[in-house]
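Protein chains in written order, with the working numbering: chain X, 1 to 581; chain V, 582 to 752.
There's no promise every hint is true.
Claimed, not checked - A few chain X residues facing chain V, derived, Cβ under 8 Å:
#1 His128
#2 Ile148
#3 Lys312
#4 Arg519
#5 Asp521
#6 Gln522
Said to hold, decoys possible - Residues from chain V shown here face chain X by an in silico Cβ test under 10 Å; the list is partial:
#7 Ala589
#8 Leu597
#9 Asp599
#10 Glu601
#11 Leu654
#12 Val658
#13 Lys662
#14 Ser710
#15 Val712
What the hints contain is simulated information worked out from the structure, not anything from laboratory work. Just so it is clear, CB atoms sit at the ideal spot from N, CA and C, and this is done for glycine as well.
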Amino acid sequence: MTEKSGADILIEALTDLGVEVVFGYPGGAVLPIYDALFKQKRIRHILVRHEQAATHAAEGYARSTGKPGVVLVTSGPGATNAVTGIADALMDSIPMVVITGQVPTALIGTDAFQEADTVGITRHVTKHNYLVKDPARLGATIHEAFHIATSGRPGPVVVDIPKDVQVATAKSVKYGTIEHKTYRPQVKAEPSLIEAAVDMIAAAERPIFYTGGGIINSGPGASQLLRELARITGAPVTSTLMGLGALPASSPQWLGMLGMHGTFEANMAMNKADLIVCLGARFDDRVTGRLDAFSPHSRKIHVDIDRSSVNKNVRVDLPIVADCGRAIEDMVRVWKSRQYPKPDLSDWWNRIEGWRATRCLDFPEGGTEIMPQRAVRALCAATKDRAPIITTEVGQHQMWAAQHFDFESPNKWLTSGGLGTMGYGLPAAIGAQLGNPKALVIDIAGEASIQMNIQELATATQYRLPVKIFILNNQYMGMVRQWQELTYESRYSESYSDSLPDFVKLAEAYGWKGIRIERPDQLDAGIADMLAHDGPVMVDCMVAQLANCFPMIPSGAAHTDMILQANEVSGTMDDEAKALV
Amino acid sequence: MHITQETAERHTLAILVDNEPGILARIAGLFTARGYNIESLTVTDISEDDRISRITIVTSASAHVMEQIIAQLDRLVPVHKVTDLTVLGAHVERELALVKVAGKGEQRIEALRLADVYRARVVDATTASFVFEVTGGTEKIDKFVELMREVGLVEVARTGIVAISRGSEAA
Chain X
1 MTEKSGADIL IEALTDLGVE VVFGYPGGAV LPIYDALFKQ KRIRHILVRH
51 EQAATHAAEG YARSTGKPGV VLVTSGPGAT NAVTGIADAL MDSIPMVVIT
101 GQVPTALIGT DAFQEADTVG ITRHVTKHNY LVKDPARLGA TIHEAFHIAT
151 SGRPGPVVVD IPKDVQVATA KSVKYGTIEH KTYRPQVKAE PSLIEAAVDM
201 IAAAERPIFY TGGGIINSGP GASQLLRELA RITGAPVTST LMGLGALPAS
251 SPQWLGMLGM HGTFEANMAM NKADLIVCLG ARFDDRVTGR LDAFSPHSRK
301 IHVDIDRSSV NKNVRVDLPI VADCGRAIED MVRVWKSRQY PKPDLSDWWN
351 RIEGWRATRC LDFPEGGTEI MPQRAVRALC AATKDRAPII TTEVGQHQMW
401 AAQHFDFESP NKWLTSGGLG TMGYGLPAAI GAQLGNPKAL VIDIAGEASI
451 QMNIQELATA TQYRLPVKIF ILNNQYMGMV RQWQELTYES RYSESYSDSL
501 PDFVKLAEAY GWKGIRIERP DQLDAGIADM LAHDGPVMVD CMVAQLANCF
551 PMIPSGAAHT DMILQANEVS GTMDDEAKAL V
Chain V
582 MHITQETAER HTLAILVDNE PGILARIAGL FTARGYNIES LTVTDISEDD
632 RISRITIVTS ASAHVMEQII AQLDRLVPVH KVTDLTVLGA HVERELALVK
682 VAGKGEQRIE ALRLADVYRA RVVDATTASF VFEVTGGTEK IDKFVELMRE
732 VGLVEVARTG IVAISRGSEA A
């Protein structure tokens with residue numbers, strides 16, 4: 001049998017695994033891999049302008065296609081620059097495989113040029129990681145890395161490959177299905193637990209489904225099954241930031257997002273429910289608010305593929321470790337086989353309608369200023385026929401997008417939820433556009449966040465990707481400013497976006513189209529201009545500077561202590577609340 | 582504002598892991614990253630083919646955190662099995678200490694007498710010193726070391742706890 005170099009073994013493994021796109025940046029310690037890439041045609045390499053962007057692009061690709069994202073970076077700074085995106089993928093359970101170059105094995109530990117302890121640094125921001133010291137182990141390791149990244153609770157896996165291992169040769173072997181000796185995620189629920197869950201749902205008077213990113217990760221089928229489960233049980237559905245789109249926003253059973261910037265009706269329903277069915281979410285602090293006041297009268301069912309998510313923040317009555325898509329499928333089947341009628345929840349729905357009547361997402365119009373919420377709604381209205389993929393950066397614009405953009409299907413909403421990484425949106429949009437060449441992809445951004453990975457404008461230009469950036473420009477790091485207004489009596493310490501670039505000229509400098517929208521009467525036309533251009537467009541939409549994102553549950557407060565209006569803001573908080581994030 | 586802490590209980594965990602590079606850092610790092618404490622940690626290969634190690638960790642945590650520790654350990658890819666021996670019930674815990682004592686005359690004889698009471702063996706002797714080997718539970722070793730302080734203790738080396746369940750079954 002002929003031998004192949006480690007670099008060729010790697011490319012062969014990636015090809016066998018169906019990898020179509022790799023996001024990367026070359027450097028000394030990955031030159032053999034780049035040479036192997038040069039000599040093949042199956043895998044497309046996308047050259048980003050910063051390694052962090054490679055990881056976010058891979059996340060965007062993964063989240064919008066359901067396939068794992070693949071990243072290739074060099075040793076040392078290449079790997080350390082990728083760390084933020086790797087941590088982001090871990091927090092949001094995004095399947096990703098990151099190949100990092102490493103100095104030759106003989107130089108490891110000598111503080112060699114561009115050496116960093118990549119497996120050490122990434123150990124706690126990966127689902128698993130490897131340092132491959134033998135080219136004969138490389139093929140199997142890559143296959144195992146993909147298996148781990150994509151199965152169970154998905155996450156990032158780093159494979160660190162020293163340069164000599166890329167050059168050295170070994171026999172090339174074909175690999176089939178991976179049977180890992182210790183790693184066996186539980187995907188199928190215990191049938192008795194499913195039966196117990198179905199009985200609890202049937203008996204509940206005030207049930208609510210609280211769904212999360214796990215449904216999206218489980219695949220489009222899980223979203224369809226959720227719709228069926230909602231239909232047959234008649235119960236209201238709310239979702240975390242990561243789970244938007246699983247149930248269509250147009251469904252009458254949809255209450256909107258819950259949590260810190262969730263809707264009044266979703267949070268009140270969580271608080272007053274007698275049964276919470278959590279499907280693929282993890283009782284994050286943004287969702288629960290003050291823990292001792294979180295849904296005090298409910299029994300709780302928690303379906304999660306990760307056993308360590310169960311009972312982590314909130315004690316539940318019925319934990320079910322399983323893939324949530326499979327669990328929902330089982331629940332629907334058991335419900336139907338028991339011939340449960342659709343429960344009469346009219347009293348419960350009457351109360352919910354009462355909360356809905358507060359119309360908590362309404363906002364005052366801004367006169368001569370564009371309200372950011374209005375801009376998001378205008379964007380939503382203008383694009384809804386095209387089922388756009390929306391990415392965001394992090395901050396107020398992200399929450400306004402979550403609140404005011406209506407998502408009708410899964411895999412259309414890409415945002416950095418757990419880690420909250422500013423600079424996520426543009427590279428994620430690039431990754432999503434590559435995975436969905438025909439889709440309309442829009443990064444709803446803030447003027448501060450967009451600057452964190454602004455260099456990626458060039459990547460979109462190079463690959464002729466028609467992504468759109470829609471900047472809600474309020475000249476502040478808006479969420480920081482909002483918290484300073486709420487907590488520190490409006491002492492706006494360092495939250496003003498000074499010395500902003502001219503975004504229109506900046507766009508043009510990179511070969512993009514630039515559009516500025518300054519007044520409400522320009523909004524619809526500006527959006528139409530953006531959509532009419534078949535190349536990349538950056539829109540600088542000037543919005544009301546001091547608009548706040550409401551509703552809001554301040555840190556340390558209960559779901560029932562929501563701030564609905566600006567005039568409820570006191571401007572101070574006690575130390576306990578100040579110490580919370 | 583004051584920071585409050587939950588009451589903790591001592592637990593002994595037995596963890597079977599793949600013998601791969603970095604596994605100890607992975608486990609120790611999990612404890613530091615999530616704010617769990619380690620009172621004692623021992624690790625050695627226990628398999629015929631050098632593939633599996635057994636790690637014994639003594640930690641203290643509230644029942645709620647304990648459940649998390651086990652779940653977090655269990656989801657590490659190279660971990661085969663995590664057993665909470667404390668919850669499991671009857672088990673044997675032992676550690677071994679090497680205790681160096683220097684002295685002359687009556688002090689030396691007293692050290693030997695005490696060593697005999699604690700079934701410590703002399704594993705090295707000079708005219709001016711002994712090294713004792715003593716095994717037992719943590720309390721016994723603590724007590725022995727404390728007594729040795731009064732008769733010329735020079736140095737102590739302890740292994741930390743290893744533990745195994747009682748009875749015929751594997752934990």
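Exercise for review: Let me know if the C-beta of Arg519(X) comes in closer than 8 Å to any C-beta of chain V, holds or violated.
Suggested key: Given a least distance of 47 Å, the restraint on Arg519(X) is violated.
Exercise for review: Verify the interface restraint on Ala589(V): the C-beta must sit less than 10 Å from at least one C-beta of chain X.
Suggested key: violated (17 Å)
Review point. Does Ser710(V) pass the interface check with chain X, least Cβ-Cβ distance below 10 Å?
Key: violated (39 Å)
Check your understanding: Holds or violated: Gln522(X) as interface residue toward chain V, Cβ cutoff 8 Å?
Key -> violated (48 Å)
Exercise for review: Please verify that hint: Asp521(X), Cβ, nearest Cβ of chain V, below 8 Å or not.
Suggested key: This interface hint is violated because 50 Å lies over the 8 Å limit.
Review point. Can the hint on Val712(V) be confirmed by a CB-to-CB distance to chain X that is less than 10 Å?
Key: Since the shortest Cβ distance to chain X is 35 Å, the answer is violated.
Check your understanding: Do the numbers back the hint for Val658(V), that is, is its least Cβ distance to chain X under 10 Å?
Key -> holds (4 Å)
**Study point:** chain V contact restraint on Ile148(X) - CB to CB distance below 8 Å
**Key:** holds (6 Å)
Review point. Quick one, is the Asp599(V) hint okay against chain X at 10 Å, beta carbons?
Key: holds (6 Å)
Practice item. Return the status of the interface hint for Glu601(V): holds when the least beta-carbon distance to chain X is below 10 Å, violated otherwise. Key: Because about 9 Å separates Glu601(V) from the closest Cβ in chain X, which is inside the 10 Å limit, the hint holds.
Practice item. Closer than 8 Å between Cβ atoms is the bar; does Lys312(X) clear it against chain V? Give me holds or violated. Key: holds (6 Å)
Practice item. Hold the hint about Leu597(V) up to the distance rule: shortest CB distance to chain X must be less than 10 Å. Key: holds (9 Å)
Hints 4, 5, 6, 7, 14 and 15 from the earlier list are contradicted by this structure; the remaining hints agree with it.
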